[in-house]
Amino acid sequence: MENNWFKTMQKNEINNEDVKEFKLPNGKEIAIFNLNDKFFATDLYCSHEKVSLCDGFINGDSIECPLHQGVFKISTGEVLESPPTEKIQAYDVKIEDNYIFVKDD
Amino acid sequence: MSNICIIGGGHSSGKLTQHLINGNFKGNIKIFSEEDSPPYERPPLSKEYLEGTKSIKDLELKINFKKEIQLFLNSRIENINLENKTIVDKNNTKYEFDKIVFANGTSPRKINFREREGICYLRNIKDSIIIKDKLLNSKNIVIAGAGYIGLEVASTIRKKYPSKNITIIESSENILNRNANDNLRNYIKNMHIENNVNLILNSKIEIINGLKKIESLVLNNSTELTCDLLIVGIGVKPNIEIIQETSIFNESGILINKHCETKIKDIYAIGDITYFNSKYFKDYVREESWNNAEKQSYVLAQNLLGIKKSYNEIPWFWTNQYDNNIQILGDIMNYDNYAQKIYDSKKITQVFFKDQKLKGIFTINNGRDISMAKQIIKDDKKIDFNNIDTNNFDLKSLR
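For the record, the sequence lines run as chains A and B. So the first sequence is numbered by our numbering: it starts at 98 and just counts up by one. So the second sequence is numbered by our numbering: it starts at 1345 and just counts up by one.
Hint data in this document are derived by calculation from the structure and do not stem from the laboratory. It is possible that part of the hints are untrue.
Said to hold, decoys possible - Below, simulated DSSO-like cross-link-like pairs (lysine-lysine); rule was C-alpha separation at most 30 Å, straight line:
hint, chain 1, residue 1, chain 2, residue 2
1, B, K1557, B, K1508
2, B, K1685, A, K108
3, A, K170, B, K1722
4, B, K1476, B, K1581
5, B, K1740, A, K120
6, A, K135, B, K1722
7, B, K1602, A, K170
8, A, K120, B, K1691
9, B, K1398, B, K1410
10, A, K184, B, K1374
11, B, K1685, A, K117
12, B, K1609, B, K1652
Chain A extracted, bound-state conformation (with noise of 0.2 Å):
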């Protein structure tokens, strides 16, 4: 395993379109989704303010802020709806032996 692959949690642990937060042994906050058994990380607070994304609303493959309703396209980060201008970091994902791992520089 390379080292910017960090093991996070198991497949199961997230039911369909919902989503967790995890803290990364480099402290970096994140949040994973499960849609429809594919799995995707982003960064787990809204750029607009700190506000966690797993309190939002899923929405196909967008998440909706639960603070001023800004929305991210979750396999991207990218913003779709404002207030935020500014994208979140999605992060590569791979699945091993069930688990989902989590790709950081």
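Position chain B against the provided structure of chain A, taking the given hints into account.
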């Protein structure tokens, strides 16, 4: 090339400019602001900025001003000629425009007493700075008006100063006259009582004592309250003086259609000043919200860029009090039935039905349900209330 003049330099003005720049607008933009700060968002003025956890820089909207995008601060427009398409500022400088946007907002309603030291209003950064400064040496703080601004200010002061005396005086029989209901009022009222804020309802200020500086207040029931800082939050009025001599004059605000157009070509309005037929309230309203400023500015920018858009937002407000985030979507005042889900004592959702349809919702610390409800309200489908578990309601069941 098009020459756009924007009257007002607040949130909607700044967002409009941002959207035009992002849409590669080819023309000149001039913003005329009576304030001395570039466009910024107002909600933190009664919360994080007043508390000291956010700075002016945190509130400002990022705009790269240059030759084509000019900002005139401390600039008051005193004369407008819509026919000749000219405006004149307080220094008698004349500017021509092809299109004009009114984004000049509202002003706080004043109390009918002589001004003196210790009586404050809250609308802009300067006001918030004054209040922040006066709070340092004030012991007995009175807030006139139990609307969202007054309640937020009370909550912010309590967070920052646990031992100061805080009293809220409200002339009507309950708090939050505007887009709230008794269920929500009770939750919010309890937050203030738990935090040792003295709430006096059905009361008016009759006398303000103090020659140069406020010393005490006498209420209509003869109660005298010691007071060294009075913060007034009794609503706002639209800044219509500027259009008084024009054909778009209207006492309630500037009347616009869903494209943010007035009845005159090339004349537009956005934000708090606008008065329009609300699809969801089925009446003419001034929405006066962050969301209204945010979304109307987007709609107008797209229209000015040649992409036809309409403003059809479900009215949405939020308020933060005592570390609770409260959100209200749609109409929660006119309802036939309601249901709720209490996740825990601090996380609550209540939904409101009228004519067998979901019409409104409020959440306490649960913004996720607002997003879901927004879709359900937009879908406008009939709901059989008899099938709903009113005390353990699952919003997902309506999707």
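Hints and how they fare:
Simply put, K1557 of chain B and K1508 of chain B have alpha-carbon atoms about 19 Å apart, close enough for the 30 Å limit, and the pair holds. Distance hint between K1685 of chain B and K108 of chain A is fulfilled; the C-alpha atoms sit about 29 Å from each other, no more than 30 Å. The straight-line distance between the Cα atoms of K170 of chain A and K1722 of chain B is roughly 22 Å, inside the 30 Å bound, and the hint therefore holds. Restraint check for K1476 of chain B and K1581 of chain B: satisfied, since their Cα atoms lie roughly 24 Å apart, inside the 30 Å limit.
For the suggested pair K1740 of chain B and K120 of chain A, the alpha carbons sit about 29 Å apart, so the restraint of at most 30 Å is met. A threshold of 30 Å between alpha carbons decides the hint, and for K135 of chain A with K1722 of chain B the separation of about 29 Å falls inside it, so the pair holds. For the proposed pair K1602 of chain B and K170 of chain A, the alpha carbon gap of about 28 Å is at most 30 Å, so the pair holds. Distance hint between K120 of chain A and K1691 of chain B is fulfilled; the C-alpha atoms sit about 24 Å from each other, no more than 30 Å.
The straight-line distance between the Cα atoms of K1398 of chain B and K1410 of chain B is roughly 27 Å, inside the 30 Å bound, and the hint therefore holds. Between K184 of chain A and K1374 of chain B, the direct Cα distance comes to roughly 29 Å. Compliance with the 30 Å bound is thereby established for this hinted pair. For the suggested pair K1685 of chain B and K117 of chain A, the alpha carbons sit about 22 Å apart, so the restraint of at most 30 Å is met. For the hint pairing K1609 of chain B with K1652 of chain B, the CA-to-CA distance comes to about 15 Å; that is within 30 Å, so the pair holds.
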